[in-house]
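For this one, chain A is given, so just place chains B and C on it according to the hints.
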Amino acid sequence: MTLVNRSLVTIDDLSNGEIEALFTLADNMSDSMNEQLGLCRGKIMASLFFEPSTRTRLSFEAAMYRLGGSVITASEVKETSLAKGESIADMARVVGSYADIIVIRHPWEGAAKVVADYAGIPVINAGDGGHEHPTQTLCDLYTLKKERNTIKGLKIALWGDLKYGRTIHSLTYALARFGATILFRPGPGLELPGHVIRKLTKECGGELIKYEALDQAVEERRFPLDAVYITPGSPHQLAMMPDVSIQVELKTGIDALYVTRLQRERVSATAEGQELRKDYPVVDKKLLKEKELKGTLVMHPLPRVDELAYELDTDPRSLYFKQAARGVPIRMALIALLLGTKKISIPREDVSFVTRRDYPVYRRAFGIKCSNPNCVSIQETETKYIKPEFKIVSDQPLTLRCVYCEHEVRPRYIASSDWHEGTLESKKYHSADSQWTRRIKPENLIVFDSESEAEAHGFKPSHYA
Amino acid sequence: MTLVNRSLVTIDDLSNGEIEALFTLADNMSDSMNEQLGLCRGKIMASLFFEPSTRTRLSFEAAMYRLGGSVITASEVKETSLAKGESIADMARVVGSYADIIVIRHPWEGAAKVVADYAGIPVINAGDGGHEHPTQTLCDLYTLKKERNTIKGLKIALWGDLKYGRTIHSLTYALARFGATILFRPGPGLELPGHVIRKLTKECGGELIKYEALDQAVEERRFPLDAVYITPGSPHQLAMMPDVSIQVELKTGIDALYVTRLQRERVSATAEGQELRKDYPVVDKKLLKEKELKGTLVMHPLPRVDELAYELDTDPRSLYFKQAARGVPIRMALIALLLGTKKISIPREDVSFVTRRDYPVYRRAFGIKCSNPNCVSIQETETKYIKPEFKIVSDQPLTLRCVYCEHEVRPRYIASSDWHEGTLESKKYHSADSQWTRRIKPENLIVFDSESEAEAHGFKPSHYA
Amino acid sequence: MTLVNRSLVTIDDLSNGEIEALFTLADNMSDSMNEQLGLCRGKIMASLFFEPSTRTRLSFEAAMYRLGGSVITASEVKETSLAKGESIADMARVVGSYADIIVIRHPWEGAAKVVADYAGIPVINAGDGGHEHPTQTLCDLYTLKKERNTIKGLKIALWGDLKYGRTIHSLTYALARFGATILFRPGPGLELPGHVIRKLTKECGGELIKYEALDQAVEERRFPLDAVYITPGSPHQLAMMPDVSIQVELKTGIDALYVTRLQRERVSATAEGQELRKDYPVVDKKLLKEKELKGTLVMHPLPRVDELAYELDTDPRSLYFKQAARGVPIRMALIALLLGTKKISIPREDVSFVTRRDYPVYRRAFGIKCSNPNCVSIQETETKYIKPEFKIVSDQPLTLRCVYCEHEVRPRYIASSDWHEGTLESKKYHSADSQWTRRIKPENLIVFDSESEAEAHGFKPSHYA
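Residue numbers (our numbering), protein chains in the order written: chain A, 1 to 465; chain B, 1 to 465; chain C, 1 to 465.
Simulated from the structure, these hints should not be mistaken for laboratory data. It should be emphasised that the depicted structure is a prediction, and the values quoted were computed from it without experimental measurement. Treat each hint with caution, since some may be false.
Because identical chains cannot be distinguished in the list, a pair is counted as satisfied if it fits within a single copy or across any two copies.
Said to hold, decoys possible - Straight line, CA to CA, 27 angstroms or less: simulated DSSO-like cross-link-like pairs of lysine-lysine:
| id | residue 1 | residue 2 |
| --- | --- | --- |
| 1 | K285 | K387 |
| 2 | K384 | K294 |
| 3 | K441 | K369 |
| 4 | K163 | K286 |
| 5 | K427 | K460 |
| 6 | K278 | K210 |
| 7 | K387 | K322 |
| 8 | K322 | K343 |
| 9 | K210 | K289 |
| 10 | K278 | K163 |
| 11 | K289 | K384 |
| 12 | K251 | K294 |
Chain A on its own, in the form it takes in the complex (with noise of 0.2 angstroms):
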């Protein structure tokens, strides 16, 4: 098997089995680092960095160093520099005919996939804005297969900002995919958000039980949790009560704690931010002595602020310097996979714990745009050749999923393109709560967010509701 010409835009585009198999190729280069010079010798990375990040730059860098190739950087690029006004899709073709594989970090969400779209070469996503950073993740699930053994079926913690940190949400799916169960710990105010919840209940299938007692708890204990989320098939037997269930899950111990900082360039300088940074919940030695971390492994993306105590620095628990040196092999292997200088057997038994669905596709040029300020597709410099396009994921109520930066529109408005033969008399739009919503097919959905849209568009209110 290969994983030649592929892109890595989100942890999604890899298998278990692939990842899986990715590990085992990653140990092999670290057993044999001086045996690799010689693997991507005369090929070229193109490292573009749109937004601060030495330190993942440099990681991957230092991989392609390792493999012999070479690298041409354009880093701290202000808009101006690379771009004068120019598209990504532009940008992209040009560098993709230089180099033989990009790696692109960009402030705005679904910016890696535009590139991987258009640059004809191998693009790896090395974080765009709030949405992904797939490689990350990789780096997290293979300290812990280092570890523990196994990614399967482990408990993990994930402490702090479960809000803002795009690096938590990866995991959490990805933790999910490997039948985890996760238990979350946010700061106050920085709770997993809604969307993500949806997506692990209804696409991963299993069940997230909160922690109702929250408040009274945050008094009496270290350790207090917001909720636990049990993947399917996962040989858990809950009990009735929540709270009983979290007390079940935390007697056998937890796997990994992963601690995150509070992503200040996300969170306003304003009163707000302030207030979350006070009671941000810090893990220190005291915290380690709670019997239910007697043998947790302490794990943190860096850098870190003040969440994570120095004095946890020399404990045998604590992985997070090790984590960051294990971003060099798998960057290694992911590289030299892509590039295809490497191959690798998948394991025959490819099992995910969550069965991925293929979603009807919504790709229209008007009556709907992404809401996220944040979109790539919604951006002046790729209007010009982007269009919408989403998926439905859910008709009740209707919700479209943009495919860029994955961010959810519920739309207000329906019409169907195949009506009543399409006489122009019989064009009519409804609400999106009403019936029509699953009577259309999702071929011939057209969705609008106003009334006025819609109009414009021919079409008149309907009768019915």
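Frame of chain A, contents of chains B and C only:
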């Protein structure tokens, strides 16, 4: 023949034969990319970008890596960073002792010449302000050669910003050297500047035919022309009426349409800039249906903004991405030649349609300095060691061309260093418009910008006009 | 002997013998540049520049490439970019897991020591604020060695900004270690600072002779001196009268004139800065006609501004461009030694003219912190893990030297941790000027900056002076 240890500051630094031989080498390299990897092993290219230009920089760096060499990069250099008030000459000498070849982009016109003068190693100009960008011109010519099998006697339409685009100016002269017919289609207010027209008609010796009826034509046709330049020696028979001749030129079809964007960074963000933007001509599917453009290649140096519609990207005539991609083999060939790791044989028949002229040189530390505020020769850090130097390109009116930035100056007063046996009594200065301008030998010529300056040097006004 | 896995934070990290052996290796490498290409194949240097210094960075990177290694670069790093509030120690640990050797420039004094303490790989200080820049000193000494065949017992004049130039301070100590006579010729107001003089006279043990009649001399001569330093053990016989001895020193000629520019970035843009600029002494052709400078080499660490006239560039005594060029082989030799890919044999007779002292160490988390606002040890992000640490370099007056930035502090109050059997009743603090300072054993010493601080730690004022 070898180009070893030479520099490429302007496209004039290469003869037509050398350009054609370079293209042959680029062809060979394209055909066997993997075999070039040993060619520059152990060589270091210094990539110094004092102005943002990620695209050009990445292209040069990719070229060096494809040759197996290494790159040290200083990009987006602020004046304080590399320089701390240092002169370009000092910087060139120091970097020249670290690297084997220098690629330089700098906002000051003539800066690349100074680097070439002092570095002691080959230097490639990657753009010096509004002056030159010769490797872009090489890519353009190479693309024409690849698609038309020749670069001699082509018919090329230049489109858009003919006023501020340095690539347009370089390309114009280069095309003239290869005997082209050039059709100019500027945006309103963006016509070819006078000095370029003068150089074309005086030095290149060709004929420029203005299309007087332009204003009416704008109403009627989508492809209105401003002027046509016809290289001498090309087998054209011109009708007496210019507009007829343009029709004749158009009838046989155009080889390539070279589109450029409005150089926003050189146009102020004022009302005037707004105006230029509004009426800027757009190349799109509809235009390409004009019968004279039926077989025309569409080229663009990129980045594009709005002047070139995305709908053309899939048109087989669209060449702009290929044009960008070809920057790599062209730069590979150039680097290898200047480093002497490759040699080429120049075609025996190295004919140019333009005869090079050896102008007399004006080189005095006083009397006149370049009037271009962007010229390297008048910058505070550089005047410590650069002496003004000009070519006397015309004596009626007296016109001097700066050897650094190639801007023209017209001094108002003249005198002679060898007049009446040089006695003080007879030291007189004259108007540059007087008969004396032609009577003073170039080696004795002294010029002044003002009367006070002339008098400060001990000259008195002449009684003769 | 091997230098493998050691770091170069200050020039004191290398013995005289090691420096001389390094020069021998640099000589060998210069003579066979092309044979060094395999030496560091597969090794990665991280080049981390938190302050602009393109010249130094390019020199290091060129050196690594000449050894066949690779480079990952972070230049012009803003605090937010690499760090996002991260500590230097964390950054060092992470980058230390990507690369094989780190080169670091950072505006905080002592930052390179922190990187060396935490990276786990060899670290080279490429400048830490106003503290040290040891490879510049190596280049300076190497140039002297190449031209004079020895670096022992030379007579060197230091010229210009002796106050703010870190290269001057490092060079001064290094020259003293090699038994030099040093003649100081500062710009007005830019004399050698007191702490450097104290270190020279106290630690290096030499004699500094001030030229008292300086003001008159300025009128009379073009080469007025401020002071002369004479290393002990050098065979000089000093006359009683200082000004006479200076004449004696000058009579035999000076080996090298080391010119420095005014460190504008450390001098405020105020009236005072204007003043310093105006009277800054200039080295030009006329000065070099002085008879004591007849055979004198002219050196400069570059970049120059106005203090060194361009007319000297063609003078055979001018060495500054050679000096810059020699940075490459010196850094090649250093990198290869620290990476252990080369070994050197230290000359048997590894003699220094200066005896190293082992001062007692003061290391307590309270009581005193470094008073240098630029010291790494007091920065908000670093105090989480750095404990203040000082060397007690003098007890009269009590003087502590910060181990990070080497600035001196003079605490005002002292106490003992082992006083009267440590009963609370007897916890008293004293003036640092009192007799107690010498009576308390260094290992028991506690110091305080203020009375309130001493009292906050439970100490009471002493009744004894």
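inquiry  = At most 27 angstroms between alpha carbons: which applies to K285 and K387, within, between, both or neither?
reply    = For K285 and K387, the Cα distance is within 27 angstroms only across copies (19 angstroms; inside one copy 52 angstroms).
inquiry  = Reference check for the pair K384 and K294, CA-CA at most 27 angstroms: within, between, both, or neither?
reply    = For K384 and K294, only the inter-copy Cα distance (25 angstroms) is at most 27 angstroms; the intra-copy one is 56 angstroms.
key: Up to 27 angstroms CA-CA - K343 versus K322, copy category   = Answer is within; shortest intra-copy Cα gap is 26 angstroms, inter-copy 31 angstroms.
message = One pair to classify: K441 and K369, alpha carbons no more than 27 angstroms apart. Within, between, both, or neither?
response = Within one copy only: 20 angstroms inside a chain, 73 angstroms across chains, cut-off 27 angstroms.
ask   = What label fits K251 with K294 when the C-alpha limit is 27 angstroms: within, between, both, or neither?
value = within (11 angstroms within a copy, 77 angstroms between copies)
query = Quick one: K427 to K460, C-alpha cut-off 27 angstroms, is that within a copy, between copies, both, or neither?
reply = within (6 angstroms within a copy, 91 angstroms between copies)
task = Tell me, please, which holds for K289 and K384 at an alpha-carbon limit of 27 angstroms: within, between, both or neither?
result = between (57 angstroms within a copy, 21 angstroms between copies)
task = Using 27 angstroms as the alpha carbon limit, work out where K278 and K163 are close: within a copy, between copies, both or neither.
result = Classified as within; 16 angstroms inside a copy, 44 angstroms across copies.
inquiry  = My question is about K387 and K322: at a cut-off of 27 angstroms on alpha-carbon distance, are they close within one copy, between copies, both, or neither?
reply    = Between copies only: 25 angstroms across chains, 43 angstroms inside a chain, cut-off 27 angstroms.
ask   = Is it within, between, both or neither when you check K278 against K210 at 27 angstroms Cα-Cα?
value = Result: close within a single copy only, 24 angstroms intra versus 57 angstroms inter.
message = I want to check one pair: K163 and K286. Are their C-alpha atoms no more than 27 angstroms apart within a copy, between two copies, both, or neither?
response = Cα proximity of K163 and K286: one copy only (26 angstroms, versus 49 angstroms across).
task = Give the relationship of K210 and K289 under a CA distance limit of 27 angstroms: within one copy only, between copies only, both, or neither.
result = within (25 angstroms within a copy, 64 angstroms between copies)
Checked against the numbered hints above, the structure breaks none of them.
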